[in-house]
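J.: In case you want the letters, here they are:
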Amino acid sequence: MKNLVLVIACISICATSCTSNSQREIQSEEKEPYLRWVGDIEFDAESDNSDFQLCYSDKDIRQYFNFSKGVQYKGEKPAIIQYFMENYQAVSSKKSGLLRIRFIVNCKGETGRFRIMSMNADYQPMDFEPQISNQILKLTKQMEGWLPIEMDQMDNMKLDYYQYLIFKIHNGKIIEIMP
Amino acid sequence: MKLYLAIIFSFISFLTLAQPNCNYFLHVGDSLKYEACKESENAQGFYQFSKEFQMVMDNALEIDSTYSYAYRAKSVAYLKSGDFLEWKRLIDLAVKYDPIGNLGYRASCRHQFFNDYGGAIVDIEKLSKMTHEDIGHSANGVYHLEVVRALCYRGLGNNDKAIEIIENQLASDDYLVGIYDYIHLGVLYLEAGEFEKAKSNFENQQDYNDLAENHFYMAKVLKAQSKMADAKIELENTITLYEKGYVMHDSYVYPADKIYWSMIEKEKEDLDQ
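Chains as they are written, first to last, in the numbering used here: chain A, 107 to 285; chain B, 1052 to 1324.
The reader is advised that the hints may include incorrect statements.
[Said to hold, decoys possible] Taking CB as the label site, the calculated pair distances span:
hint	chain 1	residue 1	chain 2	residue 2	range
1	A	P139	B	D1261	45 to 53 Å
2	A	I222	B	K1212	30 to 38 Å
3	A	I222	B	Y1311	24 to 32 Å
Honestly, the hints are just simulated from the structure, not real lab data. In this text, a Cβ means the ideal position worked out from N, Cα and C, and glycines have one as well.
Using the sequences provided together with the hints, build the complete structure.
T.: Here it is as structure tokens:
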């Protein structure tokens, strides 16, 4: 009988505890709508190339500006502009706005986990025609000049980092590229 | 001079990110904002991209949803990651609850990160109408907002207006010249074909904050005036400064009129022909 009481008591405590924990988790989820850092890109098995590997873990990915070296691309901005001028085919469109592609550059200069965001001139979400967005995404994926950020303070250790490109598009033409 | 400029630059940059003095809100009888402000002090030490930082600011906004500083503080990570949608939503709220304190900041970010020239001009001109005080500097402290406005007019193709604004700003009393002001004005004159005015500005830049860029564009002016030997000397000066790292720099974006090695190589080829 004593054992039965003990078992019931344990189950009750466990049930209460589990309930509290799950409630805490729910509260925690409601309270923490954030990943480690704003803008972190988690691996998506459905859309991301599994061949792309980070050199370190997700929690070690930095931002391109973290070491005040600016954008690290072979040939710098003129090379980026030239690449898109030579390869982007303007599309007939009445849409204008910004299209951002954000991605990760690993310590070998390889890229992956590309994500698209776009807006109109009023900062409202707007999708460009797939002929525009898919074309720019494909071209961005094919860029080969990204350089790893080297950390001077740690024997030029090469790091993984987030980078983005923003395309200012007017009627289907790329008129400016940022940053 | 460089040290002096660096100190000024750092000071202004620091000011733009400074946590408000919470006692101010007590002084004006706004205890709710005081509580929100005290809560936001708990973000000290957290990286502005981190969830901890964002959650502290969310807590501050739960106390007072009109606390503009928290919206602006939250917006920074979105700005720097190029998330124009969330950045704009947050910074608009900061502007809504404190337009004078945030319009200039929003304007300079629109210009610096998104090349939103029209939006930046509207913000700056609106701010000018709202205050008789100096309208202040860009978020990074590099430019006076009037110079930002000029660069935006240039972005829209109105170079005459840009020249007029910068000239007026340089002529205004007690104006502390920005570290790149003369380069931009010189390039505007170069593009307008007013070579003597362009040269004068590049000489001013050399005296004030000598960079590879002022020598590079000086070489272009001299080339346009068929003074090839002098142009080659200026290009050599460009290379010397470039190799020492004395160039226009912005950690986040490529600044307007910045030069790149490929531009120097092309200019060298042209002059050697």
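J.: Run every hint past the structure and note whether it holds.
T.: Here is how each hint holds up against the structure:
Roughly 49 Å separates the CB atoms of P139/A and D1261/B, a value that falls within the hinted 45 to 53 Å. Roughly 35 Å separates the CB atoms of I222/A and K1212/B, a value that falls within the hinted 30 to 38 Å. In this structure, I222/A and Y1311/B meet the distance hint of 24 to 32 Å, their C-beta atoms being roughly 27 Å apart.
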